[in-house]
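Peer 1: This is what each chain is made of:
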Amino acid sequence: MDKQSVIKQVNHILIEDFELEPNSIKPEANLRDELGLDSLDGVDLVVALEKTFQVKIDEIEAREIDTVEKIYAQIIKKTQN
Amino acid sequence: MQRQRGTALGHWIFYSLLKIVGRDFAGVLLYPVAFYFTFTSSAAVRASQNYLNKAAAFWQWQSVPGVFGHFLEFSRTLLDRAAVFMQTGGTFTFEFIGESYIREAVARGKGVLLVSAHAGNWEIAGNCLQKRLDVPVQIAMFMHGKDAHSVHLPKSSSGKLGIINLSDDEMAGVEMLRALRRGEIVAMHGDRFFPKSRVRREIFLGHPATFPEGPFQLAAISQAALVVCFAMRTGRRRYQLVAEPAVIKNPAETRAGFVSQAMTVYVCALEKIIKAYPMQWFNWYDFWKQ
Numbered sequence: 001m002d003k004q005s006v007i008k009q010v011n012h013i014l015i016e017d018f019e020l021e022p023n024s025i026k027p028e029a030n031l032r033d034e035l036g037l038d039s040l041d042g043v044d045l046v047v048a049l050e051k052t053f054q055v056k057i058d059e060i061e062a063r064e065i066d067t068v069e070k071i072y073a074q075i076i077k078k079t080q081n
Numbered sequence: 082m083q084r085q086r087g088t089a090l091g092h093w094i095f096y097s098l099l100k101i102v103g104r105d106f107a108g109v110l111l112y113p114v115a116f117y118f119t120f121t122s123s124a125a126v127r128a129s130q131n132y133l134n135k136a137a138a139f140w141q142w143q144s145v146p147g148v149f150g151h152f153l154e155f156s157r158t159l160l161d162r163a164a165v166f167m168q169t170g171g172t173f174t175f176e177f178i179g180e181s182y183i184r185e186a187v188a189r190g191k192g193v194l195l196v197s198a199h200a201g202n203w204e205i206a207g208n209c210l211q212k213r214l215d216v217p218v219q220i221a222m223f224m225h226g227k228d229a230h231s232v233h234l235p236k237s238s239s240g241k242l243g244i245i246n247l248s249d250d251e252m253a254g255v256e257m258l259r260a261l262r263r264g265e266i267v268a269m270h271g272d273r274f275f276p277k278s279r280v281r282r283e284i285f286l287g288h289p290a291t292f293p294e295g296p297f298q299l300a301a302i303s304q305a306a307l308v309v310c311f312a313m314r315t316g317r318r319r320y321q322l323v324a325e326p327a328v329i330k331n332p333a334e335t336r337a338g339f340v341s342q343a344m345t346v347y348v349c350a351l352e353k354i355i356k357a358y359p360m361q362w363f364n365w366y367d368f369w370k371q
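Residue numbers (the working numbering), protein chains in the order written: chain A, 1 to 81; chain B, 82 to 371.
Treat the hints loosely; a few may be bogus.
As the list claims (entries may be wrong) - No more than 25 Å apart at the CA atoms, straight line, and that leaves these computed lysine-lysine pairs for PhoX-like:
hint: 1; chain 1: A; residue 1: K56; chain 2: B; residue 2: K356
hint: 2; chain 1: A; residue 1: K56; chain 2: B; residue 2: K277
hint: 3; chain 1: A; residue 1: K3; chain 2: A; residue 2: K78
hint: 4; chain 1: A; residue 1: K8; chain 2: A; residue 2: K78
hint: 5; chain 1: A; residue 1: K26; chain 2: A; residue 2: K78
hint: 6; chain 1: B; residue 1: K191; chain 2: B; residue 2: K241
hint: 7; chain 1: B; residue 1: K277; chain 2: A; residue 2: K26
hint: 8; chain 1: A; residue 1: K56; chain 2: A; residue 2: K70
hint: 9; chain 1: B; residue 1: K191; chain 2: A; residue 2: K51
hint: 10; chain 1: B; residue 1: K191; chain 2: B; residue 2: K212
hint: 11; chain 1: B; residue 1: K370; chain 2: B; residue 2: K277
hint: 12; chain 1: B; residue 1: K356; chain 2: B; residue 2: K370
Unchecked claim - Computed Cβ-Cβ distance ranges for the label pairs, DEER-style:
hint: 13; chain 1: B; residue 1: R262; chain 2: A; residue 2: K70; range: 44 to 52 Å
hint: 14; chain 1: A; residue 1: K8; chain 2: B; residue 2: S123; range: 52 to 60 Å
hint: 15; chain 1: B; residue 1: V102; chain 2: A; residue 2: T52; range: 52 to 60 Å
It is worth saying that the hints were derived from the structure and are not from the lab. No residue lacks a Cβ here, since even glycine has one placed at the ideal position from N, Cα and C.
The shape of chain B in the complex, shown without the other chains:
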């Protein structure tokens, strides 16, 4: 697992500043922050260079501005996420592509597993969807003990948005199963995993990489529809939510066959979206060496 940088105090300052100065002025402050990380966070810089080389064929001479842009984009999405949840950022515009796939999947009544990635701004997608679809959305995420950044989200949001803490214990899967059986949406990432998780190697951006089987196994067990969905930043306060057609296990299909098919769909969709938005995939470690 990747550890987060920053302290509870740092996060408190971040959220307080956002509340006081607003989204736009706080956005200006991101430039020195991104600049600082570009020259001090060597492991993340190497990971970013490695990724940008694979995703966007960046060469060495492009890598410093590329990494700076990558950090800047990451900090912008964090800021937008906080602004949306704290309702301090003014109006955000969302464009939906493939929303009907999610609506149709919800209408089946067997739950929807929305599988996203550390790409774009998936928490914003969850918040937006629960309002548009009038269905509870459970965001499955790792919340570490002092993860003030995550702790702000449930406190600051309202309505039918819940958090399932994957760090809690081995039975978070049962909590997700229950939510799916209630016909709810469970949103989770498909590009990060716990040690000892069931994993599978897939070709990703031309090289073998490891992905967790968990979300896909859960869809098979629960009979929920699996929809690959990303929320990408397309401009100032503008997001595009892109959903792929649902993948549903056929009763005659083996579980292994379904998992393999669903993972291929996911990895292809992930490749497509990060080729379109190469600066918006945020895994700050060598993803191909896991």
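The shape of chain A in the complex, shown without the other chains:
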């Protein structure tokens, strides 16, 4: 899956499932501090990403995801494997 397609789908999840403003979704935005996602949102996000991209994200990988950019990177890495 190409990078632009991943970005588009991840942003769609963040906007639709978490009701975030499209202009708040910047690669460097911190999920917790800037986008206001809590721990339950973290679980929801992992479930949504796994369902959308048909990948599995384990606890260690999930812990590394703290910005929007890291979501893109994790999904690109997963879908290219």
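Given the coordinates of chain A, assemble chain B onto it according to the supplied hints.
Peer 2: Below, chain B without anything else, positioned relative to chain A:
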């Protein structure tokens, strides 16, 4: 969050003493300890009086012996917990009510979220269940940096009992989700929460009180069966494990609807159990003022 009293040294002395003198003699030493806390721990005493008044309609004249009894019961459960995990306490007897609900929930293969409370001795329940059901049990709990009391548990226990540390980071929920998807049991409390957690007000013992939505949201997200379960002390080395029928999210049900229903089931079950065992609910702060 409520902070624990006591130091690592204090906990070390507690566990060492238990190992040397055994559960029964250590039990005698609890009386002066409970007496000490009754007259020195003013915030906990006020919280206990307030709670006992709501749960057991204790009046002022009953409150000092009531609070002493409350502290004594708490220290007994701590001692039993340590004795079970350290295997120094002799034989404990467990009676199960509703165990079939847990067995049926495990058999679904989608994980079981056991929601308990700071009531009775839930760690003993987890330890006992993983042996009886032959399924891994993950206990989700707050382990503070120097919480020697909690640190003793995983070290002293063996088998399929794990700890998920909720203090670690925001992603402990993912760890719980993974355990549930492996078909394991995740045991956690439903009567305490982090600041900024999602919460809901429920009528509890006749007054509005705040409860966390987290465990119930997690059950909805994971599709795991949610079973409300308590392990109450019924006598010397005797415990009763009480489980309620599983609550499972129907695919057609909204998440908000499920969470609301499951929280009502939980609060009703909690009220029922602490009315039966009023001295065994251990939240040492004004629960209704959170």
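Peer 1: Are the hints correct? Go through all of them and say.
Peer 2: Right, here's what the structure says about each hint:
1. Straight-line distance between C-alpha atoms of K56/A and K356/B comes to about 45 Å, which puts the hinted pair past the 25 Å bound.
2. Restraint check: the Cα-Cα separation between K56/A and K277/B comes to about 28 Å, which exceeds 25 Å; the hinted pair is violated.
3. Taking the CA atoms of K3/A and K78/A, the gap is about 12 Å. The hint holds against a cut of 25 Å.
4. A threshold of 25 Å between alpha carbons decides the hint, and for K8/A with K78/A the separation of about 16 Å falls inside it, so the pair holds.
5. The hinted pair formed by K26/A and K78/A meets the criterion: a straight-line CA distance of about 21 Å does not exceed 25 Å.
6. Note on K191/B and K241/B: the hinted pairing holds, with a Cα-Cα distance of about 18 Å set against a maximum of 25 Å.
7. Distance hint between K277/B and K26/A is fulfilled; the C-alpha atoms sit about 24 Å from each other, no more than 25 Å.
8. With a C-alpha separation of about 15 Å, the suggested pairing of K56/A with K70/A holds against the 25 Å cut-off.
9. For the proposed pair K191/B and K51/A, the alpha carbon gap of about 17 Å is at most 25 Å, so the pair holds.
10. With a C-alpha separation of about 19 Å, the suggested pair K191/B and K212/B falls inside the 25 Å cut-off, and the hint holds.
11. Taken as a hint, the K370/B and K277/B pair is honoured in the structure, with Cα atoms around 16 Å apart against an allowance of 25 Å.
12. The hinted pair formed by K356/B and K370/B meets the criterion: a straight-line CA distance of about 20 Å does not exceed 25 Å.
13. For R262/B and K70/A, the hinted distance range of 44 to 52 Å is not satisfied, since their beta carbons lie about 23 Å from each other.
14. Against the hinted window of 52 to 60 Å, the Cβ-Cβ separation of K8/A and S123/B comes to about 59 Å, which satisfies the hint.
15. Between V102/B and T52/A the beta carbon distance is about 59 Å. The supplied range of 52 to 60 Å therefore holds.
The structure shown violates the earlier hints numbered 1, 2 and 13.
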